[in-house]
Amino acid sequence: MLNHIMIGSNDIHKTKAFYNAVLGVLGAQEPMEHVNDTGQTRLFYIHDGSTFSISEPINGQPVSTANGSTIGFLCNSPAQVKTFHDVAIAHGGTSVEDPPGAREGSMGTMHLCYFLDPDGHKICGIHRPA
51 MLNHIMIGSN DIHKTKAFYN AVLGVLGAQE PMEHVNDTGQ TRLFYIHDGS
101 TFSISEPING QPVSTANGST IGFLCNSPAQ VKTFHDVAIA HGGTSVEDPP
151 GAREGSMGTM HLCYFLDPDG HKICGIHRPA
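Position 10 of the sequence shown, counting from 1, maps to 60 under this note's numbering, and the rest follow consecutively.
What the hints contain is simulated information worked out from the structure, not anything from laboratory work.
Glycine included, C-beta positions come from ideal geometry on N, C-alpha and C.
Be aware that one or more of the hints could be misleading.
As the list claims (entries may be wrong) - Label-pair restraints from in silico Cβ distances: (1) Asn60 x Asp98: 24 to 30 angstroms; (2) Thr91 x Asp148: 31 to 37 angstroms; (3) Asp148 x Met51: 27 to 33 angstroms; (4) Gln79 x Ser156: 34 to 40 angstroms; (5) Gly151 x Ile55: 21 to 27 angstroms; (6) Glu80 x Gly118: 27 to 33 angstroms.
Make the full structure from the sequences, and use the hints.
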C-alpha cells in the first residue's frame, strides 16, 4: 500500500548518523543521498521493498512532528525490538511509553518499543509472531 514515508530533519547530518545506526539493526544500508534543485539534502533508506526518507524542510521552516503519529518498523524477533530501541537511545533517541517488551492485545502478543528520534518523531519497533 505505501511506497515511502518522508520525515523532516533540522540537522540532516545528526539525523543520518542516528538512522544509520538504528536502521542498521534492521539490515538497512547507507542511504542514497540527494540534493534537490532548491538545495535541500534528502536521504533515502531503501530496504525490503520500502523507502524511509528524511529531508531538510523545503519551506525553510523548522521541523515539526505530527502529534498522534507513529512510524512503525518491523523487527524479526523480540530481541531485535529491544536492540532497535537500545541503539536508538544510545544514539540520542528518547524512550517513551512502556519499556520494550511484550504487550497483550486483541491481535495476540506483540513485542513493541517506542522512542522519539532527535527531531521528536515517534518511532515504534514491532514484532508479531507468525
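Comparing the hints with the structure gives:
no. : hint                               : verdict
1   : Asn60 x Asp98: 24 to 30 angstroms  : holds (28 angstroms)
2   : Thr91 x Asp148: 31 to 37 angstroms : holds (35 angstroms)
3   : Asp148 x Met51: 27 to 33 angstroms : holds (28 angstroms)
4   : Gln79 x Ser156: 34 to 40 angstroms : holds (36 angstroms)
5   : Gly151 x Ile55: 21 to 27 angstroms : holds (25 angstroms)
6   : Glu80 x Gly118: 27 to 33 angstroms : holds (31 angstroms)
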